[in-house]
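Same order as they appear, the protein sequences are chains C and F. Quick note, in the numbering used here, the first sequence goes up one by one and the last residue is 784. Quick note, in the numbering used here, the second sequence goes up one by one and the last residue is 784.
Treat the hints as calculated values from the structure; they're not laboratory data. Only true hints are included.
Any copy, or any two copies together, can satisfy a pair, since identical chains are not distinguished.
Keeping only pairs whose Cα atoms sit at most 27 Å apart, straight-line, the calculated DSSO-like set for lysine-lysine is: (1) K720 to K655; (2) K715 to K783; (3) K660 to K523; (4) K715 to K746; (5) K720 to K783.
Note that the structure is predicted; figures quoted are calculated from it, not measured.
Number of protein chains: 2
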Amino acid sequence: MISYETSQNMISLLPVGAIRSERVFLTAALGRVLAEDIVAQEDYPTHPTSAMDGYAMIHTDFAEHKALAILGDNPAGADEVAQVESGICIKTFTGSLMPLGSDTLIPIENVTVNDGLIMIDKPVPAGFAVRPVGESYKAGEILIARGTTIGFAEIGVMAGINQVMVSVAQRPRVSIIATGSEILDIGQTQHHAGQIRSSNNYTLEALVNQLGGEAIGMGIVGDDKQGIMERFDEALRSSDIVVSTGGVSVGDYDFVKHIVPKLGAEVIFKGVNIKPGQHVMVAQRGSKFIVSLPGFAYSSTVTFILYVAPLMARMMGCANPYEPIEATLKVPFAKRSNKSEFTACNLHFEDGRYWVDFEGKKAGSSAILTNLLGNAALMICGEEDGDLEAGTLVRVIKL
Amino acid sequence: MISYETSQNMISLLPVGAIRSERVFLTAALGRVLAEDIVAQEDYPTHPTSAMDGYAMIHTDFAEHKALAILGDNPAGADEVAQVESGICIKTFTGSLMPLGSDTLIPIENVTVNDGLIMIDKPVPAGFAVRPVGESYKAGEILIARGTTIGFAEIGVMAGINQVMVSVAQRPRVSIIATGSEILDIGQTQHHAGQIRSSNNYTLEALVNQLGGEAIGMGIVGDDKQGIMERFDEALRSSDIVVSTGGVSVGDYDFVKHIVPKLGAEVIFKGVNIKPGQHVMVAQRGSKFIVSLPGFAYSSTVTFILYVAPLMARMMGCANPYEPIEATLKVPFAKRSNKSEFTACNLHFEDGRYWVDFEGKKAGSSAILTNLLGNAALMICGEEDGDLEAGTLVRVIKL
Numbered sequence: 386m387i388s389y390e391t392s393q394n395m396i397s398l399l400p401v402g403a404i405r406s407e408r409v410f411l412t413a414a415l416g417r418v419l420a421e422d423i424v425a426q427e428d429y430p431t432h433p434t435s436a437m438d439g440y441a442m443i444h445t446d447f448a449e450h451k452a453l454a455i456l457g458d459n460p461a462g463a464d465e466v467a468q469v470e471s472g473i474c475i476k477t478f479t480g481s482l483m484p485l486g487s488d489t490l491i492p493i494e495n496v497t498v499n500d501g502l503i504m505i506d507k508p509v510p511a512g513f514a515v516r517p518v519g520e521s522y523k524a525g526e527i528l529i530a531r532g533t534t535i536g537f538a539e540i541g542v543m544a545g546i547n548q549v550m551v552s553v554a555q556r557p558r559v560s561i562i563a564t565g566s567e568i569l570d571i572g573q574t575q576h577h578a579g580q581i582r583s584s585n586n587y588t589l590e591a592l593v594n595q596l597g598g599e600a601i602g603m604g605i606v607g608d609d610k611q612g613i614m615e616r617f618d619e620a621l622r623s624s625d626i627v628v629s630t631g632g633v634s635v636g637d638y639d640f641v642k643h644i645v646p647k648l649g650a651e652v653i654f655k656g657v658n659i660k661p662g663q664h665v666m667v668a669q670r671g672s673k674f675i676v677s678l679p680g681f682a683y684s685s686t687v688t689f690i691l692y693v694a695p696l697m698a699r700m701m702g703c704a705n706p707y708e709p710i711e712a713t714l715k716v717p718f719a720k721r722s723n724k725s726e727f728t729a730c731n732l733h734f735e736d737g738r739y740w741v742d743f744e745g746k747k748a749g750s751s752a753i754l755t756n757l758l759g760n761a762a763l764m765i766c767g768e769e770d771g772d773l774e775a776g777t778l779v780r781v782i783k784l
Numbered sequence: 386m387i388s389y390e391t392s393q394n395m396i397s398l399l400p401v402g403a404i405r406s407e408r409v410f411l412t413a414a415l416g417r418v419l420a421e422d423i424v425a426q427e428d429y430p431t432h433p434t435s436a437m438d439g440y441a442m443i444h445t446d447f448a449e450h451k452a453l454a455i456l457g458d459n460p461a462g463a464d465e466v467a468q469v470e471s472g473i474c475i476k477t478f479t480g481s482l483m484p485l486g487s488d489t490l491i492p493i494e495n496v497t498v499n500d501g502l503i504m505i506d507k508p509v510p511a512g513f514a515v516r517p518v519g520e521s522y523k524a525g526e527i528l529i530a531r532g533t534t535i536g537f538a539e540i541g542v543m544a545g546i547n548q549v550m551v552s553v554a555q556r557p558r559v560s561i562i563a564t565g566s567e568i569l570d571i572g573q574t575q576h577h578a579g580q581i582r583s584s585n586n587y588t589l590e591a592l593v594n595q596l597g598g599e600a601i602g603m604g605i606v607g608d609d610k611q612g613i614m615e616r617f618d619e620a621l622r623s624s625d626i627v628v629s630t631g632g633v634s635v636g637d638y639d640f641v642k643h644i645v646p647k648l649g650a651e652v653i654f655k656g657v658n659i660k661p662g663q664h665v666m667v668a669q670r671g672s673k674f675i676v677s678l679p680g681f682a683y684s685s686t687v688t689f690i691l692y693v694a695p696l697m698a699r700m701m702g703c704a705n706p707y708e709p710i711e712a713t714l715k716v717p718f719a720k721r722s723n724k725s726e727f728t729a730c731n732l733h734f735e736d737g738r739y740w741v742d743f744e745g746k747k748a749g750s751s752a753i754l755t756n757l758l759g760n761a762a763l764m765i766c767g768e769e770d771g772d773l774e775a776g777t778l779v780r781v782i783k784l
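Please take these sequences and the hints and turn them into a complete structure.
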């Protein structure tokens, strides 16, 4: 068995190929990963622009005139702008271009208006309330770098430069296959107590969607070699990554581990010294990947986060959202094995720090998916770690 | 002008009515807010279940027998289970019900198989590798509380209990209207330099969608009283919250502030001692709300986060994702006003703490939306705060 660190290194070296992109409408780009740099084509604003409502004037007039004649109005969006000369001002509104010749805006609140004249009650510094050319950005500036996940601010900035169509990374297509004759799909009638309700395929499909991929639900296939073989083949033809659950352990009905090599896939690794999920297997066929996860609900979810999420992030050219962060243990922790352990914990942010505890988390088998509800995170203990004292800085994966 | 704290109190007291729910398919519930408690109907597992591959046996047989006869196989999902008696074991796989009479599972790795018999090489404690009834949860336990935003673990747990349909809070419908004759929609031809490209409506629609609402894009309406009146009326008939940008300042073309009261809406507050966004106005007509934001891109985005996001969260019965958290200032900060200030900053997580700096952030007008790109957050300074030293604990809103 290889170590967790080695397995992560191997994932980071898998040849995922160049980013594949597609062009989508701006409003459809929310949550997608940018596949091009967004570069400013011109300075913004392109002209000096008023930042308030007031009167555009020449700053030296503060010294030379007690009153200025109002030449007219300059509403925002106006086409023509009159020229300001000494002794003259133009009423100018937020967002309007500054009239030619003016250099300063005196706010409405700072003047008294009387019979077409303004009397200056409180002068302002030169250039006051004028947005200079290029205040927001300059031509040639990279506004948003490729690899950025597009949020509301990115959408707004791209709208502001009239970026109607946007190049984004294609969603990696990820097929999910649950194996096991005991598994019953939701909605199906249970005939006897030995059947258990499917949860893995729904958990993992939700994860694929949250991570920006396109989940292909391949349903459940029983412990039947030919059936599993056919379903994997269909999945490989349909998707970039095939994720399966179950069938990788040591039992007589664990067919997946035998079938994957028969599909012409090269096994990258099988077995990692981790808990849960030591039987995880990663294989490659051409440009496609097979990630075979254990069948227990907690194990399959954790190993998906450890092995499929970084692969998807690499295909999209973005950061893996499940990179570990630091937190402080609130209670002692008893390590149970000499493996790298990923333990469900609560993560709270208090007094400027993240804190880890295990209140309400159940010890027991790797079947307990409810341990991942709420503000759950995964605490990472290394192979070499022993028991940990309260106050220890630990690494956690925020879910 | 009221204080920021008073304005937030008033938002938290607005009568938003009871949560309105709808039933959706489980797979469509990802990202929605749960509107019912999810309660376990039975213990899970319902029967003692094998957690590994091995041989089901009676623990006292370790003392009484050197070898046990293998009665047969008990694959996962099997309907009938034979009875284990003293001197007999049944091969049992991960996820199978434990055969009647058995209490312990001896793993495959701990025995030698020979001619239909197992020889025990390494005994295990009583109950080993048996998932007891109710290991995951007990009947009557609340698994997921209403108000929870549904993530992958919630989807998986609900699939596991065959929750095909789920009650979720309806998405609040939020209309977005941008006002201003200078504003040009994306894709439209610019005729002169005084026209500026729309960004507010796209930024705010993205925010509505991210927050789980349903955005209704009402486009741009020029500075025309009748036109604004009609668009607001249409928006009020279409949505739960009407959000407008522009037209609330002190200028001659700021019609929104006059029109809202004429629509029969009661102004809850107009003007808050904050920077940016001091002219923000909140009004109510029946069960609907109007939130009129300033026109500048940075101001409208910040005030949306401060006033619309908590209102939407209350309508869905969930926590506001923009609750402030604590961070440490990495550099000194010069306060510019006696208002509550919301300053764009970078937020980094390092050495177990969030740190705030302003590298790359541009000082200038409230028009600079690019300040919200990247790992941006809003640093909050109170009215009473003065300049802040490096190392000060500050509150920030993570975006």
